[in-house]
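Student: Can you make the complete structure from the sequences, with help from the hints?
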Amino acid sequence: MKLRGSIGEKSFDVFNIILLLAVSLAAMIPILHVIAGAFSSSQAIIENKVSIWPVNVTLENFGIVANTASFWNALWMTIKILLIGTSLNMFLTILTSYPLSRSYLRGRKTIFLLIIFTMIFQAPMIPMYLVVKSFGMINTIWSVIIPGAISAFNLMLCVTFFRSVPEELFDAARVDGMGEYRVVWNIVVPLSKPIIMTLLLFYAVGHWNSYIGPLIYLNDKSMQTLQLYVYALISRGRSNDLLGATSSEAAMTLLPEALEMATIVLATAPIVIIYPFIQKYFIQGATLGSVKE
Numbered sequence: 001m002k003l004r005g006s007i008g009e010k011s012f013d014v015f016n017i018i019l020l021l022a023v024s025l026a027a028m029i030p031i032l033h034v035i036a037g038a039f040s041s042s043q044a045i046i047e048n049k050v051s052i053w054p055v056n057v058t059l060e061n062f063g064i065v066a067n068t069a070s071f072w073n074a075l076w077m078t079i080k081i082l083l084i085g086t087s088l089n090m091f092l093t094i095l096t097s098y099p100l101s102r103s104y105l106r107g108r109k110t111i112f113l114l115i116i117f118t119m120i121f122q123a124p125m126i127p128m129y130l131v132v133k134s135f136g137m138i139n140t141i142w143s144v145i146i147p148g149a150i151s152a153f154n155l156m157l158c159v160t161f162f163r164s165v166p167e168e169l170f171d172a173a174r175v176d177g178m179g180e181y182r183v184v185w186n187i188v189v190p191l192s193k194p195i196i197m198t199l200l201l202f203y204a205v206g207h208w209n210s211y212i213g214p215l216i217y218l219n220d221k222s223m224q225t226l227q228l229y230v231y232a233l234i235s236r237g238r239s240n241d242l243l244g245a246t247s248s249e250a251a252m253t254l255l256p257e258a259l260e261m262a263t264i265v266l267a268t269a270p271i272v273i274i275y276p277f278i279q280k281y282f283i284q285g286a287t288l289g290s291v292k293e
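Read left to right, the sequence shown gives residues 1 to 293 (the UniProt record's numbering).
Just so you know, these hints were derived from the structure itself, not from any lab. These numbers were taken from a predicted model, which means no experiment stands behind them. Quick reminder that beta carbons are idealized off the backbone N, C-alpha and C, glycines included. Be aware that a few hints might be false.
What the hints assert, rightly or not - Listed below are the simulated DSS-like cross-link pairs for lysine-lysine, each with C-alpha atoms no more than 30 Å apart in a straight line: (1) LYS221 / LYS133; (2) LYS221 / LYS80; (3) LYS221 / LYS109; (4) LYS80 / LYS133; (5) LYS193 / LYS80.
Unchecked claim - Simulated restraints, written as ranges between beta carbons of each label pair: (6) ASN186 / LEU21: 40 to 50 Å; (7) ASN56 / TYR211: 26 to 36 Å; (8) MET178 / SER6: 51 to 61 Å.
Tutor: Structural data, given as structure tokens:
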């Protein structure tokens with residue numbers, strides 16, 4: 001039976017809905033403006049006709065960006081870091097989370113305290129750079145992968161989820177002669193698809209949006225990631241290089257801001273497109289295991 005709320009509770013709900021809608025709209029307006037500018041003609045942008053809807057729709061801006069070799073080099077470097085880094089992240093997180101989720105592990109509480117310590121006190125930038133440099137990882141993809149190989153927050157989420165797996169399944173597996181590694185890959189991993197997909201999203205988005213790490217460790221221009229490429233394009237006026245790659249007639253009709261907006265849309269689109277397909281797993285992974293009976 002649905003209980004009727006008081007007038008105060010209904011008023012509070014209405015206020016919350018209006019407030020959240022206003023905040024959501026305020027957050028969406030800049031995003032819609034960038035998307036609209038990417039699909040609009042330069043003349044419409046110059047005349048300030050573009051708000052949140054494209055004017056004089058054109059794909060010319062995307063065509064110029066797609067014909068730039070430096071964009072594809074940056075995209076490939078980002079994809080390579082994402083694939084290798086996310087695979088290593090998930091492998092180490094699962095192998096570390098499983099033993100920490102078992103109550104019979106000796107020193108488990110001490111290890112948890114050390115993990116929480118790293119969440120509160122993070123290594124300073126200069127000592128971290130010196131450590132990475134001492135291992136000869138500067139200007140390699142390992143410099144942006146190894147230092148963050150395991151996220152303490154994601155590790156805690158995974159441990160909490162693994163604790164919710166019934167202990168009887170592990171006992172039955174051991175009776176059948178399974179070792180601990182087979183228990184992890186044949187039982188724990190198949191039953192933990194929600195949390196695995198959630199952590200995959202967290203790690204993948206982290207690598208895709210990574211900026212500070214590549215800025216510090218990747219000094220070679222040929223190893224520039226997509227986020228560094230977008231930053232250079234906007235802050236250093238590199239959009240003129242894109243115009244220089246076009247014919248003189250086309251360059252006169254294009255606006256650098258339009259190319260910048262098109263690049264931002266292309267750099268953001270992959271993650272936005274992938275998210276709806278794993279949204280259900282993300283919601284399950286964020287809620288399951290968070291409440292214990």
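Student: Would you mind marking each hint as holding or not holding in the structure?
Tutor: Now for the hints, and whether the structure bears them out:
1. Using a Cα cut-off of 30 Å, the hinted pair LYS221 and LYS133 holds, with the two alpha carbons roughly 18 Å apart.
2. Restraint check: the Cα-Cα separation between LYS221 and LYS80 comes to about 16 Å, which is no more than 30 Å; the hinted pair holds.
3. Note on LYS221 and LYS109: the hinted pairing is violated, with a Cα-Cα distance of about 45 Å set against a maximum of 30 Å.
4. Annotation: proposed proximity of LYS80 to LYS133 holds, straight-line Cα distance about 21 Å (limit 30 Å).
5. A distance of roughly 24 Å separates the Cα atoms of LYS193 and LYS80; the hinted pair therefore holds under the 30 Å criterion.
6. A beta carbon spacing of about 47 Å between ASN186 and LEU21 agrees with the range 40 to 50 Å that was offered as a hint.
7. Separation of ASN56 from TYR211 is about 33 Å and conforms to the stated range, judged on CB atoms against 26 to 36 Å.
8. Taking the beta carbon of each, MET178 and SER6 are about 56 Å apart, inside 51 to 61 Å as hinted.
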